[in-house]
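Chains A, B and C, in that order, are what the protein sequence lines are.
Counting from 1 along the first sequence, just add 65 to a position and that's the residue number in the working numbering.
Counting from 1 along the second sequence, just add 6 to a position and that's the residue number in the working numbering.
Counting from 1 along the third sequence, just add 119 to a position and that's the residue number in the working numbering.
Hint data in this document are derived by calculation from the structure and do not stem from the laboratory.
Everything hinted at is true.
Under 7 Å between C-beta atoms, here's a sample of chain A residues computed to sit facing chain C:
#1 V102
#2 K103
#3 C104
#4 G105
#5 F106
#6 R122
#7 T124
A few chain B positions that, by computed beta-carbon distances, are all more than 10 Å from chain A:
#8 K91
#9 K258
#10 P336
#11 T390
Keeping only pairs whose Cα atoms sit at most 30 Å apart, straight-line, the calculated DSBU-like set for lysine-lysine is:
#12 K673/A with K392/B
#13 K200/B with K236/C
#14 K189/B with K69/A
#15 K647/A with K262/C
#16 K174/C with K392/B
#17 K174/C with K673/A
#18 K234/C with K98/A
#19 K392/B with K532/A
Glycine residues also receive a C-beta, built at the ideal position from the N, C-alpha and C atoms.
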Amino acid sequence: MLNKHCGVCPSADTTLQGFIASLDVETAHHRVKNQRVKCGFGLQGVCCRLCSNGPCRITPEAPQGVCGANADTIVARNFLRAVAAGAGCYVHVLENAAQTLKELSLQKGKFKGEAVLNRLADMFGIDEPDMHQKGVLVATKILEDLYKPRAAKMELVEKLAYKPRFDLWKELGILPGGAKSEVFDGIVKTSTNLSSDPVNMLFHCLTLGIVTGLYGLTLTNLVNDVMLGEPAIRIAPVGFRVIDEGYINIMLTGHQHAIFAHLQDCLIEEGISARAQAVGAKGFRLIGCTCVGQDLQLRGTHYQDVFAGHAGNNFTSEAVIATGGVDLILSEFNCTLPGIESIADKMQVKMICLDDMAKKANADLLAYSFKDREENSERVICEAIESYQQRRKQINVCIPKEHGHDDCVTGLSEMSLKGFLGGSWQPLIDLIVKGKIKGLAGVVGCSNLTAKGHDVFTVELTKELIKRNILVLSAGCSSGGLENVGLMSPGAAKLAGNELREVCESLGIPPVLNFGPCLAIGRLEIIATEVAEVLGVDLPALPLVLSAPQWLEEQALADGSFGLALGLPLHLAQPPFMTGSKLVADVLTEQLLNITGGQIIIEDDVVKAADKLEAIIGQKRTALGLT
Amino acid sequence: MRHVIIGASAAGLNAAQTIRSLCPTDEIMVISSEDKIYSRCMLHHLVSGHRTVDSIGFVAPDFFEINRIHWLKGTTVRSLDTAKKQVCLSDGGLVDYDTLLIATGALPSIPPIPNLRAAKNVFTLRELSDVTTMDHLIQEGVEAVIIGGGLIGIDAAVGLAARGVRVSVIEMADRILPLQLDKKSASRYEALFKQHGINVLTGKSVQEVLINDDMEAVGVRLSDNQTISASLIVVAAGVRPNTDWINDRAIKIGRGIVTDDCCRTTADSVFAAGDVAGKTGIWPLAVKQGVQAAYNMCGQKKVLDDNFNLKNAINFFGLQTISLGVIEEPDDSYEVDIYESATVYKKIIHKEGIVYGAIFQGDIVYSGVWTSIIGKHLSITRITNKDILDIDYSDFYKTTPDGQFCY
Amino acid sequence: MKRIIIDKSLCMGCLNCTIACMSEHSSGSKSIYELDLEDAANEGRNHITLDQCNKPTPIFCRHCDDPECVTACMTGAMTKNADTGKVSYDEEHCAACFMCVMSCPYGVLKPSSQKDKKVIRCDYCQDREIPRCVENCPTEAIKFVEVDK
Numbered sequence: 066m067l068n069k070h071c072g073v074c075p076s077a078d079t080t081l082q083g084f085i086a087s088l089d090v091e092t093a094h095h096r097v098k099n100q101r102v103k104c105g106f107g108l109q110g111v112c113c114r115l116c117s118n119g120p121c122r123i124t125p126e127a128p129q130g131v132c133g134a135n136a137d138t139i140v141a142r143n144f145l146r147a148v149a150a151g152a153g154c155y156v157h158v159l160e161n162a163a164q165t166l167k168e169l170s171l172q173k174g175k176f177k178g179e180a181v182l183n184r185l186a187d188m189f190g191i192d193e194p195d196m197h198q199k200g201v202l203v204a205t206k207i208l209e210d211l212y213k214p215r216a217a218k219m220e221l222v223e224k225l226a227y228k229p230r231f232d233l234w235k236e237l238g239i240l241p242g243g244a245k246s247e248v249f250d251g252i253v254k255t256s257t258n259l260s261s262d263p264v265n266m267l268f269h270c271l272t273l274g275i276v277t278g279l280y281g282l283t284l285t286n287l288v289n290d291v292m293l294g295e296p297a298i299r300i301a302p303v304g305f306r307v308i309d310e311g312y313i314n315i316m317l318t319g320h321q322h323a324i325f326a327h328l329q330d331c332l333i334e335e336g337i338s339a340r341a342q343a344v345g346a347k348g349f350r351l352i353g354c355t356c357v358g359q360d361l362q363l364r365g366t367h368y369q370d371v372f373a374g375h376a377g378n379n380f381t382s383e384a385v386i387a388t389g390g391v392d393l394i395l396s397e398f399n400c401t402l403p404g405i406e407s408i409a410d411k412m413q414v415k416m417i418c419l420d421d422m423a424k425k426a427n428a429d430l431l432a433y434s435f436k437d438r439e440e441n442s443e444r445v446i447c448e449a450i451e452s453y454q455q456r457r458k459q460i461n462v463c464i465p466k467e468h469g470h471d472d473c474v475t476g477l478s479e480m481s482l483k484g485f486l487g488g489s490w491q492p493l494i495d496l497i498v499k500g501k502i503k504g505l506a507g508v509v510g511c512s513n514l515t516a517k518g519h520d521v522f523t524v525e526l527t528k529e530l531i532k533r534n535i536l537v538l539s540a541g542c543s544s545g546g547l548e549n550v551g552l553m554s555p556g557a558a559k560l561a562g563n564e565l566r567e568v569c570e571s572l573g574i575p576p577v578l579n580f581g582p583c584l585a586i587g588r589l590e591i592i593a594t595e596v597a598e599v600l601g602v603d604l605p606a607l608p609l610v611l612s613a614p615q616w617l618e619e620q621a622l623a624d625g626s627f628g629l630a631l632g633l634p635l636h637l638a639q640p641p642f643m644t645g646s647k648l649v650a651d652v653l654t655e656q657l658l659n660i661t662g663g664q665i666i667i668e669d670d671v672v673k674a675a676d677k678l679e680a681i682i683g684q685k686r687t688a689l690g691l692t
Numbered sequence: 007m008r009h010v011i012i013g014a015s016a017a018g019l020n021a022a023q024t025i026r027s028l029c030p031t032d033e034i035m036v037i038s039s040e041d042k043i044y045s046r047c048m049l050h051h052l053v054s055g056h057r058t059v060d061s062i063g064f065v066a067p068d069f070f071e072i073n074r075i076h077w078l079k080g081t082t083v084r085s086l087d088t089a090k091k092q093v094c095l096s097d098g099g100l101v102d103y104d105t106l107l108i109a110t111g112a113l114p115s116i117p118p119i120p121n122l123r124a125a126k127n128v129f130t131l132r133e134l135s136d137v138t139t140m141d142h143l144i145q146e147g148v149e150a151v152i153i154g155g156g157l158i159g160i161d162a163a164v165g166l167a168a169r170g171v172r173v174s175v176i177e178m179a180d181r182i183l184p185l186q187l188d189k190k191s192a193s194r195y196e197a198l199f200k201q202h203g204i205n206v207l208t209g210k211s212v213q214e215v216l217i218n219d220d221m222e223a224v225g226v227r228l229s230d231n232q233t234i235s236a237s238l239i240v241v242a243a244g245v246r247p248n249t250d251w252i253n254d255r256a257i258k259i260g261r262g263i264v265t266d267d268c269c270r271t272t273a274d275s276v277f278a279a280g281d282v283a284g285k286t287g288i289w290p291l292a293v294k295q296g297v298q299a300a301y302n303m304c305g306q307k308k309v310l311d312d313n314f315n316l317k318n319a320i321n322f323f324g325l326q327t328i329s330l331g332v333i334e335e336p337d338d339s340y341e342v343d344i345y346e347s348a349t350v351y352k353k354i355i356h357k358e359g360i361v362y363g364a365i366f367q368g369d370i371v372y373s374g375v376w377t378s379i380i381g382k383h384l385s386i387t388r389i390t391n392k393d394i395l396d397i398d399y400s401d402f403y404k405t406t407p408d409g410q411f412c413y
Numbered sequence: 120m121k122r123i124i125i126d127k128s129l130c131m132g133c134l135n136c137t138i139a140c141m142s143e144h145s146s147g148s149k150s151i152y153e154l155d156l157e158d159a160a161n162e163g164r165n166h167i168t169l170d171q172c173n174k175p176t177p178i179f180c181r182h183c184d185d186p187e188c189v190t191a192c193m194t195g196a197m198t199k200n201a202d203t204g205k206v207s208y209d210e211e212h213c214a215a216c217f218m219c220v221m222s223c224p225y226g227v228l229k230p231s232s233q234k235d236k237k238v239i240r241c242d243y244c245q246d247r248e249i250p251r252c253v254e255n256c257p258t259e260a261i262k263f264v265e266v267d268k
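Pulled out of the complex, with its shape left as it was, chain A reads as follows (with noise of 0.2 Å):
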């Protein structure tokens, strides 16, 4: 019996895996071998660079470093200064957003969603009639929370947050001030001989979990909405097979939906093809890749003639370059791998740069401003139908059509599942009252190729919840794989377990529900405070549990602040470089539960850690008097 090995690492997506293994690029799945051996004091959080008597190590002979920090600062200051971050990530992506929605709506320019502005200025309390000036307002509203001082506390927290939660933070003196200031004393109380009080700095960390999750997360959204259109429920094609080698292919990288605005308008416009047959293509497509590729699929009804389809998440981007569809790639933030600097070369793919946050070394920056939005989006058109004429007669295209599936099932927000559901949540509650739903899943993050392999923990804890009748609701790049081995698509019911294969089936949905970017854990957070609502109780009261099994970095580390915020158990299969601090490690996986509800679970098993999932949704459901 032969057993071919291809020295990369594993992957859920098997086909994908038989495709990178026959490049002759080197991808992220290859540097994971020589890299495997991993300093034992970083995986622990234990170690500390920051000044010149260091780099210090807690080891059993030497408890502190040399100023005296122990263990637990060591540990707390590093979690901190990550989660401000990954916080400072999210916060930026919402300025430029709510900072084009001013402009835009200064110009007086077309809103996609006018529905969504409304209820954004019912909820901040504006009256205004005018929809441009509403916009105006409603954007500096957000921008002037965001800007405030630390001392001012952010205005908007009170009208997003579920008031259960609200009051709680209140009492527990982590309401945030202004976001940047946030982020910005973050980053100064973790440097040299600044804090020590490990407490202190977690609890920043919940209110830096707060500034992720309500703005970062749930504001990027509704303002993005605004301008591109609500998400709307349709079917779509995912996976490699999306690239069509006959149109100009333009790749996005990056978390910005609202960057790409006038750009996706210029592509849909009439004539625009025009340009593209003159050079001997159909037109021109766009590739999604990583969370602004979701939400592009996300919105994709209002751009069906232009959006490919997204091919996979941040793993995958090296692959998708190298198949050689891709004529040019745009990048404005994470994850934008800077493996793809070489592939790109190699592949004659022009590369821009629109947000110097995700700058490769070869790439031209063409800095996003909306008030050269025109002649920049023509920069980009000329540049993509020049890259496409000098690379195509040199370059060999080989895309794996196999890769991927045409029938996923996309589109998902709050207000289009409440929609489907028939206007309300109570059809989901009844659901999960009889059983036939047991709870739900938020199976959210990044994707990594070190817990067990690319995505292979995610699907395999995915396919254990949905068997267990557990409804997985999913956003961020974990979609990205998990819609990539067919668990969004309709056929996919007849993996979960019977009660819930019956109501799958019965409605046509797959047991898996496609949220989009990371950015969209904001959406289920909507969700579950309205069916909190409904239901009269606080958020930990759910049968909700969260998971970020392969969790990959800092971003993620500030939604996962959020979720402890929200009161909410959260999984993760690989610690967060913490569990060399005894306190931090008490605080995030068993103190929190009396705090805010909310708890760390690290489980390397599958099915160890679908087990304790499903154990705690039946707590809650005992606790609600439900069977």
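Chains B and C: place on chain A using the hints.
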């Protein structure tokens, strides 16, 4: 006590050294037909000119003095009398012994090819004299044929090619190094050899050596009737234990000298070690047998616990290969795990948790652990959380009280 | 003789031993700051690997009492010093046959990645009282200890 050792290669000299460390006052004599100490496995480096005979010695220059061993060099043994416990030398001298170790190695086999024995300019690559005698024929552009594509044949080919000789290797099997390599790993060397001016002809045999009126070989005729011209022929068609000179009936000879697991022959106080006993075929085992024989010669029973001899390390033109155990799966019931890239080829043959063979080519880093896994028949069943290609000593990690590793 | 004794349970996989070794054997300065971590010519003589439980495990040359590498060496380049117990490697005399790499039962040895070198093998840091790796282990997972021969 006088210990006499015939043969001064791997088994012989290691035996001598071991006897000295065990018996500080006994007399030790080594008899060898040559007057230099060198590693036969390195002769091809002399052919290529990369080394001189002094730099292929495998013991220190003062080995005999330091160890107080009497070296009777340039002397052959004419006959043995095991009843009298006496060795008769070619010059008529008689040497009595208390224990005798025969470590005379192996000689090249000469296949019965017409004209092969008779022709001049036909050589083997076994001794220093072979190298010095063939040297005058080696020049850039000269054509040579090597009969046999095994280890010695390939060594010879590479040595000659380094001097600009146009070499053709004729091998009966469908690939060179058929005992060590499978088709894939052999093909990588065959391609490299071609780049370096060595022509490899497989699946063919030499039917006749063509000679001129002066009895010089001018070429060979192959089994497919092809003729290859050559002014130099090297025979590397296998070896056989060097036992022809033994005329004493008390010593039973089978494939080689028959020995028990303590290196004893059937004659009293006579031991045999190394290639002459027909069990080894590789240097490390010859060394171990020499050491083992030495213990038993000094009255300390020592049984060799490691007889694993299906192991070889090969290095030509920058391509390194290690071959262990079986190189092809005996049947479908065996699992074969393969990793292949442009520069690396790895194959592991296993069944029910026991590894029977492996070939590692292009990447032999840290691969010694597989020699133990295969040679000691260690089970890998419990190693479930690792790719088989990632198995290393960490999964067998065990230390002795004084900090050595063990299994 | 002294041997590097390993306590596997204390190894944190930080690889400080590996880079200390590279630094000690680098052709230029022995300062850790100047070690070119991007240069493949810098190779550690010992290595850390992961067992199947992902536990970092030091695989260090034992300078064995009965070294297989010495037994396998066909040129006498590998020798064991009966007094100090150290196994020495004469790179010039070595013929790069790699029988030693094959024979080390614990997979400690490897060929060099550089054309001008042959086998990478631990020499217990000739010119130092304590091997550099031992000095640089933050958890004392490796110690240089006198053992009975």
